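Listed in order, the protein sequences are those of chains Z and P.
If you're matching positions, the first sequence starts at 1 in the UniProt record's numbering and goes up one per residue.
If you're matching positions, the second sequence starts at 1 in the UniProt record's numbering and goes up one per residue.
Hints are computed from structural coordinates only; laboratory data are not their basis.
Misleading hints may appear alongside valid ones.
[Said to hold, decoys possible] Some but not every residue of chain Z turned toward chain P, in silico, with C-beta under 8 Å:
1) 124
2) 173
3) 215
4) 234
5) 259
[Said to hold, decoys possible] Here are the computed distance ranges between Cβ atoms for each label pair:
6) 135(P) with 40(Z): 23 to 31 Å
7) 70(P) with 178(Z): 40 to 48 Å
8) 12(P) with 178(Z): 34 to 42 Å
9) 128(P) with 5(Z): 22 to 30 Å
10) 86(Z) with 128(P): 54 to 62 Å
Computed from a prediction, not measured in an experiment: that's the story for all the values here.
Every residue gets a Cβ at the ideal spot worked out from N, C-alpha and C, and that includes glycine.
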Amino acid sequence: MRAAKAYLRSPAAVIGTVILLAVLVMGVGADWFYPGDPLGLAGRPLQWPGQNPRFLLGTDSSGRDIAAQIVHGARISLLIGFVATSIAVVIGIAIGSVAGFYGGATDTALMRVTEAFQTLPNFILLLVLVAVFGSTIETVTIAIGIVSWPPVARLTRAEFLSLRTRDFVQACRVQGLSDAHLILREVLPNALPPVIVYASVVMAVAILLESALAFLELSDPNVPSWGNLIGLGRNVLRTEWYVSAIPGVAILLTILGVSLVGQGLNDALNPRLARAR
Amino acid sequence: MKVLTLALRRLAASLPTLLLIIAGMFLLLQLAPGDTVDALMAQMGGGDPALAAELRRFYGLDVGVAAQLGRYLMRLVTLDLGFSAIYGKPVATVILERLPPTILLMASALSFAFFFGLVLGVIAARRVNRWPDTLISTLGLVFYATPSFWFGLMAIVVFSVYLQWFPPGGFSDITQTLTGVAAVLDIARHLVLPTLTLGLIFLAIYLRIMRASMLEVLSLDFVRTARAKGLSETRVVARHVLRNAMLPMVTLIGLQAGTMLGGSVVVESVFALPGLGRLAYESVVQRDLNTLLGIVFVSAILVIVINFLVDILYARLDPRIAAGS
């Protein structure tokens with residue numbers, strides 16, 4: 001309760017929540033705002049925003065409604081961000097908690113793998129995964145999750161390392177509780193808050209990664225993704241720059257919202273840190 | 001010398017990691033639909049199975065996966081990365097040609113982000129919670145949220161199309177042959193926008209870290225001592241705080257070397273720079289898997305080398321590391 005109050009007292013967190021809620025409403029209500037296929041032909045191509053009252057944000061070079069693509073794109077971005085983040089967090093927690101809890105050879109082996117993933121630039125690994133498994137929306141989302149877990153694993157491991165020798169864990173050990181119980185019921189709940197805060201960073205990066213991939217035309221071309229639209233607008237950049245500009249603002253605001261919420265959570269969950277700042 | 005030994009030990013420890021990466025990527029690429037020969041045959045407009053078998057023998061694709069991996073690793077020791085069927089050259093040659101623009105771009109983006117991140121972070125920390133701090137922190141948040149490729153495109157619209165200050169892409173002016181200083185200036189002019197584009201997100205990260213670590217160091221006892229000695233505030237910051245506050249930023253350089261290399265894939269594509277990142281993109285599109293594997297190898301080495309340099313730099317900044325070991 002105190003945390004919730006502290007969260008709402010921070011103006012940054014409130015602004016972030018409002019932005020994120022707006023994007024969420026756009027994504028959830030996309031079919032209601034703009035029923036029909038957002039990638040279908042809507043009118044004359046390359047009409048500037050405001051030129052035709054029917055198209056609030058104008059049309060792209062294929063005559064598709066940009067506003068409809070933005071609203072439907074919100075759903076895609078949030079979905080990819082959320083699912084990819086969940087995948088990254090689950091893998092990261094699994095590897096980090098086992099490595100941190102058991103230590104020794106298990107820890108060394110798992111950290112070697114984590115290091116290997118961190119040494120390889122994640123966007124290049126993403127390119128390799130897309131080259132191998134193709135670029136449907138499902139494979140792209142899973143691939144983004146696979147390249148994003150190492151920092152989560154490191155964070156979880158660090159928390160486990162400091163928690164596993166505490167008295168309450170030792171007490172449970174003496175009671176003869178299983179390792180699985182110790183990891184999942186005793187240590188993990190205490191290790192979770194910083195991981196949840198970090199998940200906001202993972203989500204921001206996941207959305208950026210997908211949009212960059214879509215911009216390079218390596219993501220799914222059959223979904224109304226913001227990155228796709230920026231990539232298409234590139235061909236008419238010199239004259240009709242608004243085609244690329246509008247979806248970029250949408251990405252910027254979404255990432256801003258996610259980061260502000262993350263920062264607010266961080267300050268609310270670590271009150272000691274917040275006061276120092 | 002202790003510093004060097006320590007850094008070299010870290011370097012040796014990264015060799016198994018490198019091996020893990022190469023083996024993992026090699027096996028992963030085996031899952032890709034179609035091999036180099038398929039891509040080559042498609043480019044030639046088809047051919048008979050006998051030719052395909054002949055080509056497979058030439059590229060060493062006629063033996064089992066384990067044997068191929070063994071051969072590849074053996075050849076890697078001599079820095080032979082195989083042959084690129086698409087470019088008709090050894091992969092090592094193709095990559096070496098593309099390496100200089102990427103290294104130049106990364107170095108200039110890093111310098112830009114580090115310098116301005118440092119300056120802005122210091123200003124924000126010294127005016128904490130007043131308007132310069134609020135302004136800088138807000139800018140940092142916005143820069144962090146800006147997709148780099150989009151910023152690049154908008155920079156092209158503003159600075160190349162409307163203002164015509166900088167060229168919209170390319171590495172040098174190909175309509176005229178320049179030499180000496182003129183050639184250097186020409187390349188510099190071409191690199192301004194890509195540097196800003198790639199450096200923006202790192203600038204945001206560095207200034208945030210610098211601000212936080214300045215605030216932390218400013219509250220430590222030795223700073224109070226320095227102030228009590230009667231040193232001016234500027235001198236306290238420049239001589240006592242800065243060096244200590246810089247340490248987290250230096251750590252970040254190593255941690256984010258990979259992210260920066262990944263970012264240059266996108267930036268090089270936006271500005272049509274003939275670098276390693278663009279090569280990675282092209283080899284994905286053209287299914288040139290041999291080259292892709294070579295790029296993975298080279299970029300992993302690049303990240304390891306940057307971390308090696310960061311280790312040395314870190315130890316120079318923080319004498320406790322060399323003394324403690």
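Hints and how they fare:
no.	hint	result
1	124	6 Å, holds
2	173	32 Å, violated
3	215	5 Å, holds
4	234	6 Å, holds
5	259	6 Å, holds
6	135(P) with 40(Z): 23 to 31 Å	44 Å, violated
7	70(P) with 178(Z): 40 to 48 Å	42 Å, holds
8	12(P) with 178(Z): 34 to 42 Å	39 Å, holds
9	128(P) with 5(Z): 22 to 30 Å	24 Å, holds
10	86(Z) with 128(P): 54 to 62 Å	36 Å, violated
The earlier numbered hints that this structure contradicts are 2, 6, 10.
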